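Colleague: Below are the chains, spelled out letter by letter.
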Amino acid sequence: MSALGAAKPAAGGAMDPVSSVIGLVLAVIFIGAVFVIAPTAVMPLLGIILGGVLIGFGVHFVPVGGAPAAMGQAPGIATGVAMLAAGAGLAGLFGGAWAAELGVVVATVTGAIGGGLMMAITCLMVNVIYVFGMGIPAASGKVATDPLTGDSQVEYKSQGTEGHGLPFISFVGGVVGGLFGGAGGTLIYLMLLGVYEQFLPAIFNAKVEEIMPVAISLAGIFAIGMFLVNAVLAAYNITGTIEGPHDPKFKRFPRAIVASLVASALCGLVAILIVVVNLNI
Amino acid sequence: MTAQITVTEGGIPHNTLMIYGIIGSLVGIYLTYLNTVTGTQLFSFFGGLGAIAALVWGSDTIKRLCSYGIGTGVPSAGMLSFGSGVIAMLLATKFGIASPVLALVLGLLIGAILGYIANNILAMKIPVMIQSIAELAAVGALVMIGFTAMATGSFTFSPISAIPVTVLGASASAFSTSLIGGGLIAAIFMLGSIALQHGFNACLGPSEKQDRTLTLTAEVGFLSMLMIAIFSFAFLGMGAFIVSIIISVIGWYYTYSQYITLSKRDAAAWLDSKPIVEAEGH
Chain S
1 MSALGAAKPA AGGAMDPVSS VIGLVLAVIF IGAVFVIAPT AVMPLLGIIL GGVLIGFGVH
61 FVPVGGAPAA MGQAPGIATG VAMLAAGAGL AGLFGGAWAA ELGVVVATVT GAIGGGLMMA
121 ITCLMVNVIY VFGMGIPAAS GKVATDPLTG DSQVEYKSQG TEGHGLPFIS FVGGVVGGLF
181 GGAGGTLIYL MLLGVYEQFL PAIFNAKVEE IMPVAISLAG IFAIGMFLVN AVLAAYNITG
241 TIEGPHDPKF KRFPRAIVAS LVASALCGLV AILIVVVNLN I
Chain C
1 MTAQITVTEG GIPHNTLMIY GIIGSLVGIY LTYLNTVTGT QLFSFFGGLG AIAALVWGSD
61 TIKRLCSYGI GTGVPSAGML SFGSGVIAML LATKFGIASP VLALVLGLLI GAILGYIANN
121 ILAMKIPVMI QSIAELAAVG ALVMIGFTAM ATGSFTFSPI SAIPVTVLGA SASAFSTSLI
181 GGGLIAAIFM LGSIALQHGF NACLGPSEKQ DRTLTLTAEV GFLSMLMIAI FSFAFLGMGA
241 FIVSIIISVI GWYYTYSQYI TLSKRDAAAW LDSKPIVEAE GH
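Sequence lines, in order, name chains S and C.
Using my numbering, read the first sequence as starting at 1 and increasing by one per residue.
Using my numbering, read the second sequence as starting at 1 and increasing by one per residue.
Hints listed in this document are in silico derivations from the structure and should not be mistaken for laboratory results.
Just so you know, these numbers come straight off a predicted model, no measurement behind them.
No residue lacks a Cβ here, since even glycine has one placed at the ideal position from N, Cα and C.
A couple of the hints might just be wrong.
Unchecked claim - Here are the in silico distance ranges between beta carbons for each label pair: (1) M15/S with G39/C: 56 to 62 Å; (2) M134/S with K264/C: 52 to 58 Å; (3) M190/C with M15/S: 33 to 39 Å; (4) V28/S with I230/C: 42 to 48 Å; (5) G237/C with L24/S: 49 to 55 Å.
Please model the complete structure; the sequences and the hints are all you need to start from.
Modeller: Following this line, the structure appears as C-alpha cells:
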C-alpha cells in the first residue's frame, strides 16, 4: 500500500446503468465472436467468465486492510488486494491444477479448498501477530456487534481508529473469499486447458501428450493474468480496503460482477484467439 | 471526480516520455531481428533494452495514475498492467514480424476496455484512468515481448513454445524445454511487474523527483534484465549469453550509481554509515 492511500477516490455506491449496459453489450459481442470463429470454445468461455465473476465477487469478502491496518488503525490484513490475490488465489490455482485430471468438479473444489486454506492460515497468523505482537484486540469499526457471534465491538475499539485486528466476521469473510477466489482461478485454468488440449496438437502437428507442457503453461499464465485483472478491478470497486462481508462497501458487489463479466469475456476471447488464429508466419 | 493529490513538478512531460518509450521499445525489440538477418544470436540483448525503455515509460504512467490516489496501492497497477499485458503479448506473438507492433496495439486496445470498465462501470471517475490503463497494458505487453526476445532471440509463438531437436536423425519438437513450456514466462511476468511498480512505489512522497524515480525503475529493470540474461543461457549460445550479462551489469552499475547520486542530491542530509569496526583484542 502506498502513502497515497490517505485520500480515497469518492466512488459512490450506485451503478451507472448506461455504462453497465455498454459493458454487457461488449461482453455479448465477445461471446458472439468466439461463437463465430470457434463454436466449440463457447462453453469454455462461459466457464472462464463464471470463474472471473467468482474471483471478482470473492475479493469483496476478503478483509483487505492496507497500510492503515499495518499501523493498527483499521481492521483487516495489512496488505493490498494484489498481494492477497496473488497469495490466496494462486495457492488455490496450484491446488486445483494438481487435481486437474480428476475432473472439473473435484479440481474446482480442490482449488477452492486451497484458496480457503491459504486465507485461513493468513488470517490466523495475522491475528496472532496483532494480538501477541502488537498487543491490540480485534474490533470492527463498521458494526457495533459481530453479526455472527454477537460479540460487542465498541468497547474494544481504540479512539481515533476505525477498529483494528481481525474480528471473527472478517476471518470468516477471508476464508469465504479464498474459497471463491480459488474456485474461480481453477475454473479459468481448467477451461483454458481444455481448449488448448483441443487446438494445440493441430497447430504443432504433435500428439496431445507432447504439447501438454505448453498447454499447461499457457493456461496457467493466462489464469494468473485474468486472476490479477479481476482482483485489481474488484479492488478498484472497494477503493482499496474493506472489512469483510459486513462492511457497507460490500453492497457495491453488483458493479464488480458486471466489471468482471466484461473483463473475463475480453480476456477469455483473447486467450482463445491465440489458438484459433493460425497464420503460420 | 477525485482531486489530484500530488502534483508533478518539472521533468519531461508525460506525452514526450510516452513517445520516447514507444519508439525506444519498438526499436529495441526489432533490433533483435538482426539475429535473423546476420545469422547470429549476439543482438538478443536489444530486447532487454527495449523492455527497459517501456518500463521507464510505464513508471511515469503509474506515477500519473497513482497521483490520483486510487486507494489500492501502486503494486496493484503493476499487476493489472502485466495481467492484461501478458494476454495481449501472447496473442501478438502469433503475428510473426509484426508481433511487437501488434503487442503495442493489442495492449492499448485491451487496456482501453479495462480502463473503461474501471472508470465507468466501477465509477472510479478518474480523468486519466482509461488512457493510463491502456498505456500500462501496452507497457506490460512490450516488456514481456522484449524480455522474451532477449531470452530466446525471437518474439514469435513457435520458437518460444517449441524447440526443434533432432532425435535419431528425425527432426522433432521439444515442448517442455521452451520458454512457454518450461514456465519461464511466469518468471518474466514477475520480473517485469516488480521492475514496473517498484520505482514509483519506493520514491513516492513529498520530494519525489521524476528523474530519480525513472532512474530507479531503469535500475530495477537492469536487475531483471540480468535475470533474463541468465535465462537466455538455456536458449542461446555462450557468446550471446556473455554479451547479455555484460550489458546488463554495465547498465545496472551505471543506473545504480546515478540513482545514488540523485538520492544524495535530493536528500536533506547524507551520512555515510561505516562498517562496525571490531575493536582489537576481542
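Colleague: It remains to establish, for every hint, whether it holds in the given structure.
Modeller: The hints, checked one at a time:
Between M15/S and G39/C the C-beta distance comes to about 59 Å, which sits within the given range of 56 to 62 Å. In this structure the hint that M134/S and K264/C lie 52 to 58 Å apart at CB is violated, the actual value being about 35 Å. For M190/C paired with M15/S, a C-beta distance near 35 Å keeps the hint of 33 to 39 Å intact. For the pair V28/S and I230/C, the supplied restraint of 42 to 48 Å holds, since their beta-carbon distance comes to about 46 Å.
In this structure the hint that G237/C and L24/S lie 49 to 55 Å apart at CB holds, the actual value being about 52 Å.
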